[in-house]
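A.B. asks: Please construct the entire structure, taking both the sequences and the accompanying hints into account.
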Amino acid sequence: MKKSFLTIIAAVAISLTAFAQKQISSNTHMKFFSTTPAEDIEANNYKAVSTLDTSTGDIVFSVPMQSFEFEKALMQEHFNSKNFLNTKANPKAKLTGKVTNLDNVKFNTDGTYTAVVEGDLTINGVSKPIKENVTFNVEGGKISLSSKFNVTLADYEVAFKKGKPSTNIAKTVEISVEANY
Amino acid sequence: MGITKKIFIILGIGILIAGIIGAMLFFKPHRDVQNTDTDFSYQASEIVNEYLTDANKANNKYLDEEGNSKVLEIIGTIAEISEDFNHQKVILLKSATDKAGVSCTFPQDTDSHTVNIKTGDKITVKGVIRSGATFDEDLDMYENVILEKCDIISK
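If you read the sequences in order, they're chains B and E.
With the numbering used here applied, the first sequence has no gaps in its numbers, which climb one by one up to 181 at the end.
With the numbering used here applied, the second sequence has no gaps in its numbers, which climb one by one up to 155 at the end.
Worth flagging that the hints you see were computed from the coordinates, not collected in a lab.
Remember, predicted model here, so these are calculated numbers, not experimental data.
Virtual Cβ for every residue (Gly too), placed ideally from N, Cα, C.
Incorrect hints may have been included.
Claimed, not checked - Straight-line C-alpha distance at most 30 angstroms; calculated DSS-like pairs for lysine-lysine:
1. K88(B) with K70(E)
2. K89(E) with K122(E)
3. K22(B) with K171(B)
4. K28(E) with K82(B)
Said to hold, decoys possible - Far from chain E by the CB rule (all over 12 angstroms, computed), these chain B residues:
5. G57
6. L85
7. V105
8. N108
9. L153
10. Y156
11. E174
C.D. replies: Right, here's the structure in full:
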């Protein structure tokens, strides 16, 4: 009797886990890309954590800024410095948003869906509203996300006053996001 | 030798030196974390609890303004072994009673040192800290301490 009771508890616990609507991903990729006539600069970050609630459409990304890796050490130091992203004071960037067209995204059916995410992006301690297109791909119950959008650095009070970085980094940079939930 | 010629030679040498310094800065290699002296050694629980107690104070202590943050050696029990989007091995050192752990990422060049390890093993990992442990209200979960450029120094 006791054994069957435990079996029922276990079965309920397992099914609850299977139906959990909050998906977590630490299998992510963020890319920062800047292009100017002087040079192209790229940095990659694989350490962001994201959650996606498929029932409410709530989506969150938390990005450890010091994990952006540049090809050149000097660029990476500039990126982290007080003049630019001030990562010692603001070690994480964050996106909190909501899928606004949840009716068009069937997380339980295989397919590719274009979603609109509206929310706030916080970089360098400055929060701004954003609204961007996101592509969800559902395959065999696994959800993956991809998006590409532009960020104007001055909006987040990220600006070089003078010197080489001010001419070699674009005013608007492209951010690519990928996540496998 | 005329005075003009001397000035030109000195000027030429000056420009050459400035050029070399500029190029050295521009092509400066990344810091080799494994060949950098360890700043602090802890049990995984110790650094996690230090961050959960006062994250600002811990950030001040461990993070560097230019991203060359402290190099840590962490002793802990392997709770999980996974792979990230870049196919790098990720080992989570976490005690079962702690709310968060230390997530250690191994680049391709140290990956071969991680082949014979398994969940439950107690190991010491050296790496550079990128961010600390915290409870994030938006994620509604605890985030781990993140170490990158890791290698296993004892098992």
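A.B. asks: All hints are to be evaluated individually against the structure, with a verdict given for each.
C.D. replies: Status of each hint after checking the structure:
Taken as a hint, the K88(B) and K70(E) pair is honoured in the structure, with Cα atoms around 12 angstroms apart against an allowance of 30 angstroms. Proximity of K89(E) to K122(E) is assessed by CA-CA distance (about 17 angstroms); at most 30 angstroms being required, the pair is judged to hold. Restraint check: the Cα-Cα separation between K22(B) and K171(B) comes to about 36 angstroms, which exceeds 30 angstroms; the hinted pair is violated. As the CA atoms of K28(E) and K82(B) are separated by approximately 20 angstroms, the hinted pair is consistent with the 30 angstroms bound.
With a least beta-carbon separation of about 14 angstroms from chain E, G57(B) lies farther than 12 angstroms from that chain, consistent with its non-interface assignment. A beta-carbon of chain E is positioned within 12 angstroms of the beta-carbon of L85(B); the least distance is around 9 angstroms. Once the 12 angstroms rule is applied to beta carbons, V105(B) is consistent with being away from chain E; the minimum gap is 20 angstroms. Under the 12 angstroms C-beta cut-off, the non-interface status given to N108(B) relative to chain E holds; the minimum distance is some 22 angstroms.
Every C-beta of chain E lies more than 12 angstroms from that of L153(B), the closest at about 18 angstroms, which supports listing it as non-interface. With a minimum CB-CB distance of about 18 angstroms to chain E, Y156(B) clears the 12 angstroms threshold, and the non-interface call stands. The beta carbon of E174(B) is kept farther than 12 angstroms from every beta carbon of chain E, the shortest such distance being approximately 18 angstroms.
In terms of the numbered hints stated before, the structure departs from hints 3, 6, listed from lowest to highest.
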